[in-house]
Amino acid sequence: MKNLMIKFALSASLLLLAASASGQTLDVKILNLTNPAQSNGIQVGDVLNRTVEIEVDSQYQLSKAALPLKGENRDGIELSDLTFKSTQHDKKSIYTIALRYQVFASAAKPVVMQLPEEQFTFTGGTQALSVNVPVWHFWFSPLVAEGITNAKDNLQPQYKPALIDLSAHYTRLLLSLALLATGLLGLIYVNADKRWLPFMNGDFAQAHRSIKKLRSDQASTRQALMYMHQAFNQIYGANLFANELDQFLVVNPKFLKLKEDIRIFFAQSNAALFAGHTQTSHQKSSEQYMGELITLSKRLRDCERGV
Amino acid sequence: MHTATTDIQLADWRSHALTLENEVKKVIVGQDKAIRLMNIAIFARGHVLLEGGVGVGKTTLLQSIARCIGGAYERIEGTVDLMPNDLIYHTYLGEDGRPQIDEGPLLRAGENLSVFFFNEINRARPQVHALMLRVMAEKHLYAFKKEYRLPHMVVFADRNQVEKNETFEIPSAARDRFMMEIPIDIPADRELRKALMFDVKYQHAESLTKQVASNVLQFDQLNGFSDILQSHIQSSDALEEYALDLWESTQHPEKFGIKLDSVDVNRLIHTGASPRGMGMLLKAARVHAWLMNRESLYPEDIHAVFHELIAHRLVFNAMYENRRTVLARELTTQILSTVAVPSQTRSAPAKAA
Chain A
1 MKNLMIKFAL SASLLLLAAS ASGQTLDVKI LNLTNPAQSN GIQVGDVLNR TVEIEVDSQY
61 QLSKAALPLK GENRDGIELS DLTFKSTQHD KKSIYTIALR YQVFASAAKP VVMQLPEEQF
121 TFTGGTQALS VNVPVWHFWF SPLVAEGITN AKDNLQPQYK PALIDLSAHY TRLLLSLALL
181 ATGLLGLIYV NADKRWLPFM NGDFAQAHRS IKKLRSDQAS TRQALMYMHQ AFNQIYGANL
241 FANELDQFLV VNPKFLKLKE DIRIFFAQSN AALFAGHTQT SHQKSSEQYM GELITLSKRL
301 RDCERGV
Chain B
1 MHTATTDIQL ADWRSHALTL ENEVKKVIVG QDKAIRLMNI AIFARGHVLL EGGVGVGKTT
61 LLQSIARCIG GAYERIEGTV DLMPNDLIYH TYLGEDGRPQ IDEGPLLRAG ENLSVFFFNE
121 INRARPQVHA LMLRVMAEKH LYAFKKEYRL PHMVVFADRN QVEKNETFEI PSAARDRFMM
181 EIPIDIPADR ELRKALMFDV KYQHAESLTK QVASNVLQFD QLNGFSDILQ SHIQSSDALE
241 EYALDLWEST QHPEKFGIKL DSVDVNRLIH TGASPRGMGM LLKAARVHAW LMNRESLYPE
301 DIHAVFHELI AHRLVFNAMY ENRRTVLARE LTTQILSTVA VPSQTRSAPA KAA
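Chains A and B, in that order, give the protein sequences. Just so you know, our numbering puts 84 at position 84 of the first sequence, and the rest follows in order with no gaps. Just so you know, our numbering puts 22 at position 22 of the second sequence, and the rest follows in order with no gaps.
Think of the hints as simulated: they come from the structure by calculation, not from any bench. Just to be clear, a hint being listed does not mean it is correct.
As the list claims (entries may be wrong) - In silico SDA-like pairs for lysine to any residue, Cα to Cα no more than 25 angstroms straight-line:
#, chain 1, residue 1, chain 2, residue 2
1, B, 33, A, 254
2, B, 139, B, 174
3, B, 259, A, 236
4, A, 70, A, 43
5, A, 259, B, 336
6, A, 259, B, 22
7, B, 33, A, 235
8, A, 213, B, 291
9, A, 259, B, 338
10, B, 33, B, 291
11, B, 33, A, 70
12, A, 212, B, 343
13, A, 254, B, 330
14, B, 139, B, 225
15, B, 33, A, 245
16, B, 259, A, 247
17, B, 259, A, 298
18, B, 255, A, 234
19, A, 298, A, 189
20, B, 255, A, 241
21, B, 259, A, 251
22, B, 201, B, 22
23, B, 33, A, 234
This one's a predicted model, so the numbers in the text were calculated from it and none came from an experiment.
Chain A on its own, in the form it takes in the complex (with noise of 0.2 angstroms):
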């Protein structure tokens, strides 16, 4: 009878216990725990991260007097920081707290370790409450395998690092390379005077040689209408004179953008071969009528090589 009674009393103590902790977890709990992503190949000098949220009644607040200290180093692992923040809905506050552990323990091969359990106590209600975030098992890894003294022997294989793949920048490189080599070839064939390609040594390209390596003087200017008068002659295969221009664009139609230079140079040429002796339109000095030729040549150049 006398066990019988003391195995009622217990059960009696042992009820109202729970029930009292059945009332404190209904004022606090834990939403949500998020510990560290991996939990193996941890090693020294790392850090790790915990994140709780607490939800308490709205009357209840986290005692910062009772937090975990920071720096403090338990079993080697230190809290390096913690932080919170409180939220207020229906009548509850959420607290979210962040703590930061650094591993600072050594080992010389794998064990494991824990991020130990922290407790978090609130006040203002009638009696304190407070909440346990558990523990946080974890692997550790040492640096270096026990017992090796030999450096080259230590190293551990590493990831290899992904490689890039490099074969759309191959194709625009060689796109760039392409594009470079034409547009230089092109640059050559707009500005090159020797023959370098086909279709360079066109009749203007030719004239447009010989009346630059020509002097300034009234001589020169003559033996420049010459040669620019040849390479008329030689597109057009017969003499060309100013009354069969139209005749000329009509069979070259590429000089066509030229055509009243073609006239003024003609009509120039005109008065300065044949009108000399009684005329003086041609009033401009050797010099500037000589670069006229030659750009008017580089240009007729330009329409002979279609660019």
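Keeping the supplied structure of chain A fixed, place chain B upon it in accordance with the hints.
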């Protein structure tokens, strides 16, 4: 002062010359080039040989031009029995029944004769040619015991090259007296042909000619003005070199690389252009330059008259003579296409310098 007067004269005469062209163009269609060439010949004081088929309007063209020039117009038909004296006089029975002698077409108008038209000259005998050519060159004739002067006369002759029977080919020396031989072709333009067929005004040559303004030029002042014109138009060294090259190319076309299809150019030419011919070429070219309102000769001026001035002067070797009309046209075209100006060979030393 002299220059200003000359300039005014040149401008005035040019205006008259262009009026003449426009007047003739009113009644003669499709012959603009021939009209321009005849205008040039009038001011260069040269005789003209017209070449063309029958009924192409040669006579109407000449009558229209003669009307514009003013002065007297005479014509004679070339026939196989025509004798030189038919040009100088003709005999007839007078009212009193006695034989009379009167001046022939050459002398009838005296100094007022401005245009003498010799129709179908190649039907006349060489004796007639000889007299005609002498008068053309000397511009005077001794007859009826006195000298007849014909200072303003210009001869227009035509020859029909289609028919060869009972014709006497004009020898090269005689052809050379004519400044130009102008082809009168049937217009190629279909509309013009239609007009010539259906527009009745073209079928009355006499009334057509009367539509042309008369006396546009003062025929008796043409010689004097021609001298002024010829001395006014200048030519540059380059142009003179070019003309010389052209002359040489008529004598030795092979030297200039001239080629003709199916012709051995080395054996083509017997005699090239004569000095008189080249002189006439430049005279005619100067008139063209003046008509184009220029004071200097350009190559284009020579080109404008080259074929008509040179083709009939060329003497081909016998093997090519029967194709002379076609070959002469081809050769003159090739010469103008090939002989360069400014001359490349003469510019070469300057390049080296």
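Here's how the hints hold up against the structure:
1. B:33 x A:254: violated (31 angstroms)
2. B:139 x B:174: The hint holds at about 15 angstroms.
3. B:259 x A:236: Judged against 25 angstroms, a Cα distance of about 17 angstroms means the pair holds.
4. A:70 x A:43: holds (21 angstroms)
5. A:259 x B:336: holds (23 angstroms)
6. A:259 x B:22: With a Cα-Cα distance of about 31 angstroms, the restraint between residue 259 (chain A) and residue 22 (chain B) is violated, given a limit of 25 angstroms.
7. B:33 x A:235: violated (28 angstroms)
8. A:213 x B:291: Cα-Cα ~40 angstroms, so violated.
9. A:259 x B:338: holds (24 angstroms)
10. B:33 x B:291: Answer holds: residue 33 (chain B) to residue 291 (chain B) is near 13 angstroms, not above 25 angstroms.
11. B:33 x A:70: Measuring from Cα to Cα gives roughly 116 angstroms; hence the hint is violated.
12. A:212 x B:343: holds (20 angstroms)
13. A:254 x B:330: violated (29 angstroms)
14. B:139 x B:225: The given pair, whose Cα atoms are some 18 angstroms apart, holds under the 25 angstroms limit.
15. B:33 x A:245: With a Cα-Cα distance of about 19 angstroms, the restraint between residue 33 (chain B) and residue 245 (chain A) holds, given a limit of 25 angstroms.
16. B:259 x A:247: holds (22 angstroms)
17. B:259 x A:298: Not OK: residue 259 (chain B) and residue 298 (chain A) at ~33 angstroms, beyond 25 angstroms, violated.
18. B:255 x A:234: holds (19 angstroms)
19. A:298 x A:189: holds (12 angstroms)
20. B:255 x A:241: With Cα atoms ~22 angstroms apart, residue 255 (chain B) and residue 241 (chain A) stay inside 25 angstroms; holds.
21. B:259 x A:251: holds (22 angstroms)
22. B:201 x B:22: With a Cα-Cα distance of about 18 angstroms, the restraint between residue 201 (chain B) and residue 22 (chain B) holds, given a limit of 25 angstroms.
23. B:33 x A:234: The hint is violated at about 29 angstroms.
Of the numbered hints given earlier, the model fails hints 1, 6, 7, 8, 11, 13, 17 and 23; all others are met.
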